[in-house]
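Chains as they are written, first to last, in the working numbering: chain A, 1 to 585; chain B, 1 to 140.
Heads up, a few of these hints could be off.
Claimed, not checked - Covered stretches of chain B, as calculated for chain A (at least 3 residues, CB under 8 Å):
1) 3-17
2) 47-53
3) 91-103
These aren't lab readings, by the way, just hints derived from the structure by calculation.
This structure is a prediction, so every number in the text was calculated from the model and none was measured.
C-beta: ideal position from N, C-alpha, C; glycine also.
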Amino acid sequence: MRGNRYRLKSSSVYVVFLLCFAGLYARLFILQVVHHEELSARGEKLHRFNVKIDPRRGNIYDRENRPLAMSVRVKSAYAVPENIESPGEAADLIAGSLKIPRDEVMAKLGKKGRRFVWLGRKLDGRIADRLESLQIEGVGFREEVRRVYPQGALLSHVLGFVDIDNRGIEGLEFQADGSLRGQAGWMASHRDRKGREIMTLRSREVQPIDGCDLGLTVDVVIQHIAESELENGCRKYNAAGGCIIVMNPQSGAVLAMSSWPTYDPNSPSDYPQEARRNRCITDVFEPGSTFKVVTIACALDRGAVSIDDCFFCENGAFRVGRHTLHDVHKYGTLTTADIIRKSSNIGAVKVAMKLGERSLHGGIRRFGFGEPTGVGLPGEVAGILHPLAKWSGLSIAAVPMGQEIGVTPIQMASAVATIANGGLAMKPYIVETIRDSSGRVIKSFAPEVRARVVSEAAASALVKAMEGVPTREGTAPKAALEDYTVAGKTGTSQKVDPDGNYSHSRFVGSFVGFAPAENPSVLILVLLDEPKPVYYGGAVAGPIFKEVAGRVLKYLGVPPDRESGGVKVVSVPGQARPDAAVTAD
Amino acid sequence: MRRKNKRLNEGFSTAVLTGRWMLLAVIGVSVSLLYVWQHVQLVRTGYAIKSMEREIEKWQKANEALRLVNERLKNPQRVERALAQNKLGLVFPQAKDIVRLRYPRHSKAHEKEKSGSEGGTDTLLSYMSGGGSVAGRRRL
Numbered sequence: 001m002r003g004n005r006y007r008l009k010s011s012s013v014y015v016v017f018l019l020c021f022a023g024l025y026a027r028l029f030i031l032q033v034v035h036h037e038e039l040s041a042r043g044e045k046l047h048r049f050n051v052k053i054d055p056r057r058g059n060i061y062d063r064e065n066r067p068l069a070m071s072v073r074v075k076s077a078y079a080v081p082e083n084i085e086s087p088g089e090a091a092d093l094i095a096g097s098l099k100i101p102r103d104e105v106m107a108k109l110g111k112k113g114r115r116f117v118w119l120g121r122k123l124d125g126r127i128a129d130r131l132e133s134l135q136i137e138g139v140g141f142r143e144e145v146r147r148v149y150p151q152g153a154l155l156s157h158v159l160g161f162v163d164i165d166n167r168g169i170e171g172l173e174f175q176a177d178g179s180l181r182g183q184a185g186w187m188a189s190h191r192d193r194k195g196r197e198i199m200t201l202r203s204r205e206v207q208p209i210d211g212c213d214l215g216l217t218v219d220v221v222i223q224h225i226a227e228s229e230l231e232n233g234c235r236k237y238n239a240a241g242g243c244i245i246v247m248n249p250q251s252g253a254v255l256a257m258s259s260w261p262t263y264d265p266n267s268p269s270d271y272p273q274e275a276r277r278n279r280c281i282t283d284v285f286e287p288g289s290t291f292k293v294v295t296i297a298c299a300l301d302r303g304a305v306s307i308d309d310c311f312f313c314e315n316g317a318f319r320v321g322r323h324t325l326h327d328v329h330k331y332g333t334l335t336t337a338d339i340i341r342k343s344s345n346i347g348a349v350k351v352a353m354k355l356g357e358r359s360l361h362g363g364i365r366r367f368g369f370g371e372p373t374g375v376g377l378p379g380e381v382a383g384i385l386h387p388l389a390k391w392s393g394l395s396i397a398a399v400p401m402g403q404e405i406g407v408t409p410i411q412m413a414s415a416v417a418t419i420a421n422g423g424l425a426m427k428p429y430i431v432e433t434i435r436d437s438s439g440r441v442i443k444s445f446a447p448e449v450r451a452r453v454v455s456e457a458a459a460s461a462l463v464k465a466m467e468g469v470p471t472r473e474g475t476a477p478k479a480a481l482e483d484y485t486v487a488g489k490t491g492t493s494q495k496v497d498p499d500g501n502y503s504h505s506r507f508v509g510s511f512v513g514f515a516p517a518e519n520p521s522v523l524i525l526v527l528l529d530e531p532k533p534v535y536y537g538g539a540v541a542g543p544i545f546k547e548v549a550g551r552v553l554k555y556l557g558v559p560p561d562r563e564s565g566g567v568k569v570v571s572v573p574g575q576a577r578p579d580a581a582v583t584a585d
Numbered sequence: 001m002r003r004k005n006k007r008l009n010e011g012f013s014t015a016v017l018t019g020r021w022m023l024l025a026v027i028g029v030s031v032s033l034l035y036v037w038q039h040v041q042l043v044r045t046g047y048a049i050k051s052m053e054r055e056i057e058k059w060q061k062a063n064e065a066l067r068l069v070n071e072r073l074k075n076p077q078r079v080e081r082a083l084a085q086n087k088l089g090l091v092f093p094q095a096k097d098i099v100r101l102r103y104p105r106h107s108k109a110h111e112k113e114k115s116g117s118e119g120g121t122d123t124l125l126s127y128m129s130g131g132g133s134v135a136g137r138r139r140l
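Make the full structure from the sequences, and use the hints.
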């Protein structure tokens with residue numbers, strides 16, 4: 001009897017356990033088999049995540065490896081409005097931290113149905129830390145890469161800038177975007193309930209490829225000298241704008257390129273579009289008298305004239321067709337060299353007439369006018385050089401003195417660099433190397449000879465003539481340096497009024513020169529747009545050239561090639577120069 | 001007796017079988033525990049690696065920020081205007097403040113290098129160290 005009861009009890013327990021396990025297995029079957037697809041998809045969605053890994057955008061360096069553009073990792077703040085319980089309080093805290101109007105924050109937090117809104121992108125470290133320390137529910141942070149320009153406005157027109165997503169918009173950032181950007185990577189993994197990644201469940205990972213670094217020919221110190229002197233000059237002469245180019249005429253390497261007004265690429269939207277224009281490559285202007293060096297170089301090269309040939313300059317008034325050409329001063333007979341030195345319009349036209357239209361046009365083309373120089377910056381224009389067939393009867397009286405032709409500052413600088421370099425035209429360039437993220441050079445740009453434009457003899461004779469310009473007898477005595485010989489040419493051109501006539505109040509003053517004249521280390525072009533009240537190139541651009549050239553030559557350690565009145569010279573007999581060990585080959 | 005022996009033998013076999021099963025179960029459980037322990041260790045190590053990665057990233061970010069500050073401080077505009085001219089009162093030397101030292105040529109290498117300088121001598125620009133201050137300011 002007792003045995004039967006015991007068996008009944010144990011059987012009941014057994015059945016209960018069996019039913020429980022059966023229920024559990026049934027549930028397990030439903031979860032694992034029947035709803036397998038749905039539940040595993042839900043689990044995957046909750047725990048699995050894909051992350052895009054941003055590459056580092058390549059840096060830009062000057063020729064001494066000083067960074068001009070860098071990428072730094074910063075935080076961006078976002079909000080999930082539906083997770084914020086008290087939007088009003090949160091808005092007060094967020095607005096206080098980010099220094100933005102409370103209404104703006106409220107508008108973002110009040111957006112219905114939005115699960116994600118940016119509060120601030122690429123914040124400064126201190127601001128992000130301050131906001132993060134408040135630990136506001138529903139506010140999160142994401143790491144992003146911000147482009148920064150540690151030198152501020154320096155070289156801004158060449159560097160350009162990027163948009164919020166680090167895509168190049170202007171300048172080299174735009175031109176070399178493909179090299180600088182790199183390739184994004186990605187990773188697929190799982191996270192735990194605390195949001196931490198479970199590394200053992202990382203299924204796939206593709207490493208990003210960082211962008212390449214650019215090494216420029218520009219020197220930060222020379223750029224600074226050029227920019228500060230240009231700004232001083234523009235302010236002093238009330239110019240609407242200006243630009244300056246410093247080149248090595250023997251290689252074509254651009255050492256500095258600046259436009260004024262300028263802007264800070266760290267906050268480009270704070271400046272008008274006018275300030276963001278790289279005038280050196282985009283502005284077309286009538287060069288005026290600086291173009292006489294091109295005319296005379298062509299004539300000397302073709303043997304149409306020699307440097308000592310004499311021309312009667314009609315005492316300041318020369319009738320060509322229905323028009324009368326004038327010189328600033330009345331000149332009688334001038335040699336070809338004097339035409340350069342005195343900048344005689346009539347003399348230049350008479351030289352061109354001896355050369356002939358066809359030869360002049362061909363020579364101008366050989367100098368590279370009418371086509372972009374290919375300096376490697378975006379937005380470079382070709383200038384205006386009308387085809388010979390479209391030249392009027394008066395063109396031969398206008399083009400030789402820099403009218404009826406439009407050039408860019410970089411074209412004019414390259415043309416004079418050709419003369420400084422003995423008639424050999426070098427292609428101007430600003431990017432010297434492209435290096436991968438490990439520093440290995442993957443592409444380098446060496447000096448490139450574009451063409452022999454004029455003979456060495458013609459160039460040499462012209463350089464001698466140009467040495468007369470920065471003298472008391474020339475048009476730019478203020479461009480002369482005390483301890484270096486300078487060769488150069490002034491230019492003053494009238495701007496065209498909206499009615500199509502030459503203006504009598506708006507001028508462009510320019511000076512382009514190089515030093516030391518015989519063996520030039522630097523070529524500098526200075527251009528001021530609408531200087532007032534003084535506007536002659538020799539008077540406004542000449543002094544800027546002098547300041548820049550003097551400082552740059554000393555910075556480069558170029559030995560002086562002439563005695564200066566003010567500088568004392570002390571002989572040190574029997575002693576070696578202290579830095580001889582450094583300079584010996 | 002024979003029946004008793006048979007029963008004893010059967011009991012012994014059952015015990016051995018049970019023992020074997022239990023040993024197998026223990027081994028199975030141990031292996032399972034080892035697997036779980038190993039998995040837990042892997043996950044923990046993963047967390048530790050992740051934490052170290054975050055630490056490295058933190059220091060890299062700090063390094064980037066300091067490098068940026070360093071570059072900003074070296075900005076030539078700041079060095080020249082804010083520090084040299086405004087703070088230290090330095091000015092550019094005038095011609096009268098400059099002494100050019102003329103050294104005799106001493107080597108072929110030097111001759112080649114200095115072929116541009118006149119008079120068969122080396123020159124080295126040197127700024128005067130004393131006297132003739134410019135409006136009470138030091139020279140840059």
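Worksheet item: Given as covered by chain A, does the region 91-103 of chain B meet the bar of three residues or more with CB within less than 8 Å?
Response: With 10 residues in contact (Cβ-Cβ under 8 Å with chain A), the coverage given for the region 91-103 of chain B holds.
Discussion item. Using C-beta distances, would you say chain A covers the region 3-17 of chain B, given that this needs three or more residues below 8 Å?
Written reply: Answer violated; 0 residues pass the 8 Å Cβ test.
Fill in: Coverage assertion for the region 47-53 of chain B with respect to chain A, Cβ distance below 8 Å, three residues required
Coverage by chain A holds here, the residue count being 3 at a Cβ distance below 8 Å.
When held up to the earlier numbered hints, the structure conflicts with hint 1 and nothing else.
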